[in-house]
Amino acid sequence: MEVWEGPTDILGIGLYHSITSRMNEDSDYRQFINDLELNVVVDLGFYPLMIKFKKESLEITRVIEKADVTLKVNAQDLFDLTEGKSSMIWFFLKRKLKIKPFLKLFKVYKIFSKAF
Amino acid sequence: MLQQTEDHDQISEKLGKIVGKEFISNHPEELLIYSYDMTEHPPNNPDYVVMPKNVEEIQEILKLANKNKIPVVPFVTGSNIGGLTIPLKGGLIVDLKRMDRILHVNTEDMYMVIEPGVTFGHVYKCFKNDYPHFRYCYPFAPPFASVMANALLGGLNNLSLKYGCMSEVINGIEAVLPNGEVVKIGTCMCWDDQWWGRVPMPDLLGLFTSWQGMTGIVTKIALQIWPRKPIRDYKFIVSNDLVATYKLVKKLATADIMNDILLTSIETIKMVLGVPLGQAVHLEGEPRWATILDFSANTQKEYEAKADIIENLFKELKSVDPKAAYSSIDNAVKLFGEKFDAFQKMPMTIGGMLEYGGLTWVGTYMTSNPDTVVKGVHTAFELIEKYNFEKCLYTRMMKGGHYYAFRFLLRFSKEKDGETERMRQLNQELFESLFELGAFPYKTPAEFTDKILARCDKNWAKLLKTVKTAIDPNMIMNPGRWGFK
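Those sequence lines, one after another, are chains A and B.
So in this note's numbering, spot 67 of the first sequence is number 85, and the numbers just go up one at a time.
So in this note's numbering, spot 124 of the second sequence is number 192, and the numbers just go up one at a time.
Bear in mind the hints are in silico, worked out from the structure with no lab data behind them.
Check the hints yourself; a few may be wrong.
Stated by the list, open to error - With a cut-off of at most 20 Å between alpha-carbon atoms, the simulated SDA-like pairs for lysine to any residue come out as follows: (1) A:Lys103 to B:Glu354; (2) A:Lys132 to B:Glu352; (3) B:Lys407 to A:Gly24; (4) B:Lys402 to A:Arg40; (5) A:Lys114 to B:Lys383; (6) B:Lys407 to A:Lys90; (7) B:Lys391 to A:Glu43; (8) B:Lys407 to A:Asn42; (9) B:Lys391 to A:Val21; (10) B:Lys386 to A:Asp98; (11) B:Lys391 to A:Arg113; (12) B:Lys553 to B:Ala538; (13) B:Lys386 to A:Asn92; (14) A:Lys103 to B:Asn380; (15) B:Lys407 to A:Lys116; (16) A:Lys90 to B:Tyr371; (17) B:Lys407 to A:Glu43; (18) A:Lys114 to B:Lys386; (19) B:Lys402 to A:Arg113; (20) A:Lys116 to B:Pro390; (21) A:Lys90 to B:Glu354; (22) A:Lys103 to B:Asp376; (23) B:Lys553 to A:Glu43; (24) B:Lys407 to A:Thr100; (25) A:Lys103 to B:Tyr371; (26) A:Lys132 to B:Asp398; (27) B:Lys402 to A:Lys116.
As the list claims (entries may be wrong) - Just some of the chain B residues that point at chain A, by a computed CB distance under 7 Å: (28) Gly346; (29) Gln347; (30) Leu351.
Note that CB positions come from ideal geometry on N, CA and C, so glycine has one too.
Bound conformation, chain B alone:
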């Protein structure tokens, strides 16, 4: 709730003057939309929603909020699957959708500068139409997800095997601090039109990545783009032996020839194909795992050399897992239908994932050590079985094998009595078990941070507090997260 020094009407009037009356609302039906997301995290209403159009409006909003100690939550589409835009303390939702321009694409230094409301759909269309020789990368998410939010929150995309999580490909940002000041980070701090990097100056980007909007509102971001190689192909493997399959994944990752490697359970494939909620389960005798391989090449010769390495490593898998089978993904699309295209045509709306109202995960980054990964799968499977949900494992090798993205895509029905609460309990147990194994939850939900803070280096927690207090002394930015009440 507001701890305002001015009353609601005055605040409302002032916000209206900043953004225009049509872009502020405190109507209950509109507040409701911003009170929840797809996850099991409890909803909470904001007091206002505002939709600024530019940096100056954001500056004025933050000055007003700071003066009146009104909580502020930056928002684009709320599809982060961490409950991160649920306004835990009410206040203002600053919906950034209207700021949706791709400001610049630099093909020499290979980056793009975009505003917060730019979605993966926008970027896909822009590159397809105007920059066909370049590419960005895409998450296993619908086209309406925010590119900036994905990067700032350290999400994973289909080039993460090469480049790591998306905060690792940020060249620079412009942000509005809680006091209304605008700050630039990266080379753009010296030259307005140059966003090619963050080195060699002291790197302050970390003040904004994975902070979940607790240090300010990022208004521009420069993200690396890459040349699109003319040949691209995907392979699909089904197998039964997790250890041998993971061995293949690790070898391919460290061979440095792939764009992306996904290792999923067969339940995930079924979910993507549209098998109804509750029925995407592994049946006796079915193949247990599915691996999707994505690679590209500049020439036919390079393609054949890569395909050869893949086939040879598949033969190694086959020698210990005789039922393993290997196919092109186009063939899998032919067999299983167009929905299978979701694995090669990102971004894509995946109906089977979103149509039941509830979707969540404990998404983590962890060591790529095979023993830990395999133990993680078994531990999580036991828990998911205990709570009777679907074991939709979705994992991705990161940054050449330096670490591993380990998560389950857990869908549930919010309409069924008790199911949301049951999912909450499962996620809590999943988090605790995986955290014990060394898996760190990304897009960390507020429910998990107390345990992390209790375990982490005390001086890290102290520094976190010092930084937060210095930047946001009134604690207005997305309060209720990472121990900041």
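Isolated chain A (complex conformation):
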């Protein structure tokens, strides 16, 4: 029987798969994620999720703790983003993607632009 890893909520499953599958394909990205220590709250308009990047491990949970950075984008925009209909930068400029604090923009971009 296959062992299930990761969250069991539908958005968490999507985020977890997007990041881990990219890690499997791209060694530079894997190294980057493995080196991260960051708590990111992602809000897709349904419910917030916390992604905990803890050196060498990744956890996605619905339990929200103190976040280093918060990312807000609605599910439709996320679909459009992953489908390649638009880019993170364009969304950010159009305020469809909100990142707080702004200073973390580059790091968030690096995590999600490759995953998506």
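Using the hints, position chain B against chain A.
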């Protein structure tokens, strides 16, 4: 148990002479395999299993069984999810796997003639390799499921929105009656090589469809095939508002532009993605429903026109369900992983569904009236919650919206104490509640038929009995079903 006039050894010897000794067994370990299926229905051992290779062998088997009043159950893979091949009265399992030839594909009149053991995997491979411009259609089932059984039992496939349940695409059959006679139905009754239809002669196909093998063993079947359009696409929608989502589904169905429309609960998506048993539940805040749209086109212009209609109808949904989101299914595969491909690459083995030993449903066809469908969902959800199982709703619009396939894919562990019995109780209650709403169970399990017979038109039941008695006076064919003890 056998009510034989000859003893076991004699029967065994005669069956061995018919099919060859290596293709008959009464070893307990082999009988056990045929005694149960994935469902909660109680197991029962057959007395023998035989594996004939051709029509003549089937004729001889049935003559022998008829003479000795031995129950006979036709079998291919037993994946019908209705307990339909569990030999309720013991007897002979006639396993048809060895008869697995695709006999003919006619691209002019567009049909294929196949034997009972042909699986969806065989058909998929055949069309992919040899007839790439044509297609059959596939159920949400593994590749080893029998194409003939699916059609004879009125199953639903991924072109059912256009053509209805699969018994509606049968052009003709050849069957062996309980007395060993071979009968042909459809144009093949006049011309051995012509299987293009069942009209305009009196149509006797209904003597074999949804009869669950109670009237004979079908040995050949002609099924319609269709041209494969060069462009095909799938869309995926998540939403929260059931009424508005169903409205979208109905409008798309009646617009006559889609191949297939599935409306599922989010639990079904989780199950397909492999979320472990017991954890495929809806969590607060999650989108509630998922809709999969399948459409195709001959030209880019036609594709764009269809995509445009879909997007406009999605906007209507979005106006009342602001969180609804829409994507290509390839994008969903990118996000959720390859398992999501199960929705566009049928047939496919869906691990999350089959790996716990137990899978069942009350699968029904019902009116496509929105009020009834929505009421059905709420009624069933309450019951499933009461019994603490996962609410894996899987529904499909049928035949342009003329009716609706309404079912739950209920997985359970046969190893957990009491879980099988709990599932049995749930299914009984689900059946009773949905039947009250006008939903009729397809691949109807034996446990439900007494209630149906009690409610139905008495002359229908009388005619059913008259027909059965005329064809199978010794009641040897799959006894214990539809009131025939």
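Outcome of the hint check:
{"no.": "1", "hint": "A:Lys103 to B:Glu354", "in the structure": "violated (24 Å)"}
{"no.": "2", "hint": "A:Lys132 to B:Glu352", "in the structure": "violated (29 Å)"}
{"no.": "3", "hint": "B:Lys407 to A:Gly24", "in the structure": "holds (15 Å)"}
{"no.": "4", "hint": "B:Lys402 to A:Arg40", "in the structure": "holds (10 Å)"}
{"no.": "5", "hint": "A:Lys114 to B:Lys383", "in the structure": "holds (19 Å)"}
{"no.": "6", "hint": "B:Lys407 to A:Lys90", "in the structure": "violated (27 Å)"}
{"no.": "7", "hint": "B:Lys391 to A:Glu43", "in the structure": "violated (32 Å)"}
{"no.": "8", "hint": "B:Lys407 to A:Asn42", "in the structure": "holds (17 Å)"}
{"no.": "9", "hint": "B:Lys391 to A:Val21", "in the structure": "violated (32 Å)"}
{"no.": "10", "hint": "B:Lys386 to A:Asp98", "in the structure": "holds (15 Å)"}
{"no.": "11", "hint": "B:Lys391 to A:Arg113", "in the structure": "holds (18 Å)"}
{"no.": "12", "hint": "B:Lys553 to B:Ala538", "in the structure": "holds (16 Å)"}
{"no.": "13", "hint": "B:Lys386 to A:Asn92", "in the structure": "holds (13 Å)"}
{"no.": "14", "hint": "A:Lys103 to B:Asn380", "in the structure": "holds (18 Å)"}
{"no.": "15", "hint": "B:Lys407 to A:Lys116", "in the structure": "violated (31 Å)"}
{"no.": "16", "hint": "A:Lys90 to B:Tyr371", "in the structure": "violated (34 Å)"}
{"no.": "17", "hint": "B:Lys407 to A:Glu43", "in the structure": "holds (18 Å)"}
{"no.": "18", "hint": "A:Lys114 to B:Lys386", "in the structure": "holds (17 Å)"}
{"no.": "19", "hint": "B:Lys402 to A:Arg113", "in the structure": "violated (25 Å)"}
{"no.": "20", "hint": "A:Lys116 to B:Pro390", "in the structure": "holds (19 Å)"}
{"no.": "21", "hint": "A:Lys90 to B:Glu354", "in the structure": "holds (16 Å)"}
{"no.": "22", "hint": "A:Lys103 to B:Asp376", "in the structure": "holds (16 Å)"}
{"no.": "23", "hint": "B:Lys553 to A:Glu43", "in the structure": "violated (60 Å)"}
{"no.": "24", "hint": "B:Lys407 to A:Thr100", "in the structure": "holds (18 Å)"}
{"no.": "25", "hint": "A:Lys103 to B:Tyr371", "in the structure": "holds (18 Å)"}
{"no.": "26", "hint": "A:Lys132 to B:Asp398", "in the structure": "holds (17 Å)"}
{"no.": "27", "hint": "B:Lys402 to A:Lys116", "in the structure": "violated (23 Å)"}
{"no.": "28", "hint": "Gly346", "in the structure": "violated (10 Å)"}
{"no.": "29", "hint": "Gln347", "in the structure": "holds (5 Å)"}
{"no.": "30", "hint": "Leu351", "in the structure": "holds (5 Å)"}
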